[in-house]
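> Letter by letter, the chains look like this.
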Amino acid sequence: GAVVSQHPSRVICKSGTSVKIECRSLDFQATTMFWYRQFPKKSLMLMATSNEGSKATYEQGVEKDKFLINHASLTLSTLTVTSAHPEDSSFYICSATEGGADTEAFFGQGTRLTVV
Amino acid sequence: GENVEQHPSTLSVQEGDSAVIKCTYSDSASNYFPWYKQELGKRPQLIIDIRSNVGEKKDQRIAVTLNKTAKHFSLHITETQPEDSAVYFCAASNGKGGGNKLTFGTGTQLKVEL
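Protein chains in written order, with the working numbering: chain A, 1 to 116; chain B, 1 to 114.
Chain A with its partners taken away, still in its complex shape (with noise of 0.2 Å):
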């Protein structure tokens, strides 16, 4: 299947400054991408679909200014928490498809971001 890598894995970071995170799809390209926060035990919550060469869209509740979402190739989202705090610490996840909606969404590895 396709490959979306995801980089960093893990990083760790005082408060207040910024995060980038990297979705890059390696054999495909992706008009579209998501970017997903998951809580320990809990399931992925959609934060923001990720539009090449447009704005993001952000879900209801997703602040836009510190969750800052670029996508300026068609296979690379970068996803940069900004002035971070420790209650962004979490494990943040993307995801691309090849194809339409009704195709496999491929994740990225996720990254763990630990603010302190």
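Quick caveat, the hints were computed from the structure, so don't treat them as lab data.
Keep in mind that a hint or two might mislead.
Which residues of chain A face chain B? A few of them, derived with a C-beta cut under 10 Å, are [said to hold, decoys possible]:
#1 Gly-1
#2 Leu-46
#3 Thr-49
#4 Glu-87
#5 Phe-91
#6 Gly-108
Have a look at the derived ranges for each label pair, beta carbon to beta carbon [claimed, not checked]:
#7 A/Ser-18 / B/Gly-41: 40 to 46 Å
#8 B/Ala-70 / A/Lys-42: 23 to 29 Å
#9 A/Gly-61 / B/Glu-15: 38 to 44 Å
#10 B/Val-20 / A/Phe-39: 25 to 31 Å
#11 A/Ser-9 / B/Lys-57: 30 to 36 Å
#12 A/Ala-2 / B/Lys-57: 16 to 22 Å
#13 B/Gly-41 / A/Ala-2: 20 to 26 Å
#14 B/Leu-40 / A/Pro-86: 17 to 23 Å
#15 B/Gly-1 / A/Pro-86: 26 to 32 Å
#16 A/Ser-83 / B/Asp-59: 27 to 33 Å
Model, not experiment: these values are computed from the prediction.
Beta carbons are placed, not taken as given, at the ideal position from N, Cα and C, and that holds for glycine.
Dock chain B against chain A, hints included.
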């Protein structure tokens, strides 16, 4: 928007027994229903999916059934093995907004005991 409910939240079975996980969805426009297996700290892995034009799909020990009228779908794992132990998530998508925007269920922690 779409709401997906999943039951049970935990499930313990003896090795060799069957396991059934059930999900319901709210959006009648949803047309794609994947099931994912996630091990601790790892990415979700697709184990089976079904589209709305099909009522049942089977892949070796895994099967999924879909009842569009009742808006529910179920995962069936037969002859369970210890390596089946993981968290399983159902999801639904209505194909809107581009790509494959999934709404996930709350997850089921499956434990297969020896």
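> For the pair B/Val-20 and A/Phe-39, does the Cβ-Cβ distance stay inside 25 to 31 Å?
holds, 26 Å
> Regarding A/Gly-61 and B/Glu-15, is the given constraint of 38 to 44 Å on their beta-carbon distance met?
Given about 42 Å between the Cβ atoms, the range holds.
> Verify the CB-CB distance for B/Gly-1 and A/Pro-86 against the hinted window 26 to 32 Å.
Holds - the Cβ-Cβ distance for B/Gly-1 and A/Pro-86, about 29 Å, lies within 26 to 32 Å.
> Look at the Cβ atoms of A/Ser-9 and B/Lys-57 and judge whether their distance stays inside 30 to 36 Å.
holds, 33 Å
> If I claimed the Cβ atoms of A/Ala-2 and B/Lys-57 lie 16 to 22 Å apart, would that claim hold in this structure?
Holds, at about 21 Å.
> So does B/Gly-41 sit 20 to 26 Å from A/Ala-2, Cβ to Cβ?
Holds, at about 22 Å.
> Given a cut of 10 Å on the nearest C-beta pair, is the interface hint for A/Phe-91 held or broken against chain B?
A/Phe-91 check passes; min Cβ-Cβ to chain B is 8 Å, inside 10 Å.
> Close enough to count: is the Cβ of A/Gly-108 nearer than 10 Å to one in chain B?
Given a least distance of 6 Å, the restraint on A/Gly-108 holds.
> Tell me if the beta carbons of A/Ser-18 and B/Gly-41 are separated by a distance inside 40 to 46 Å.
At roughly 24 Å between Cβ atoms, B/Gly-41 and A/Ser-18 fall outside 40 to 46 Å, so the hint is violated.
> Does the closest beta carbon of chain B sit nearer than 10 Å to the beta carbon of A/Thr-49?
Status holds, d = 6 Å.
> Mind checking the CB of A/Gly-1 against every CB in chain B and telling me if the closest is under 10 Å?
It holds, given that the least Cβ distance between A/Gly-1 and chain B is near 8 Å, below 10 Å.
> Does A/Glu-87 meet its interface restraint, that is, does its C-beta lie within less than 10 Å of any C-beta in chain B?
Status violated, d = 20 Å.
Violation of the numbered hints given earlier is confined to hints 4, 7 and 16; the remaining hints are satisfied by the structure.
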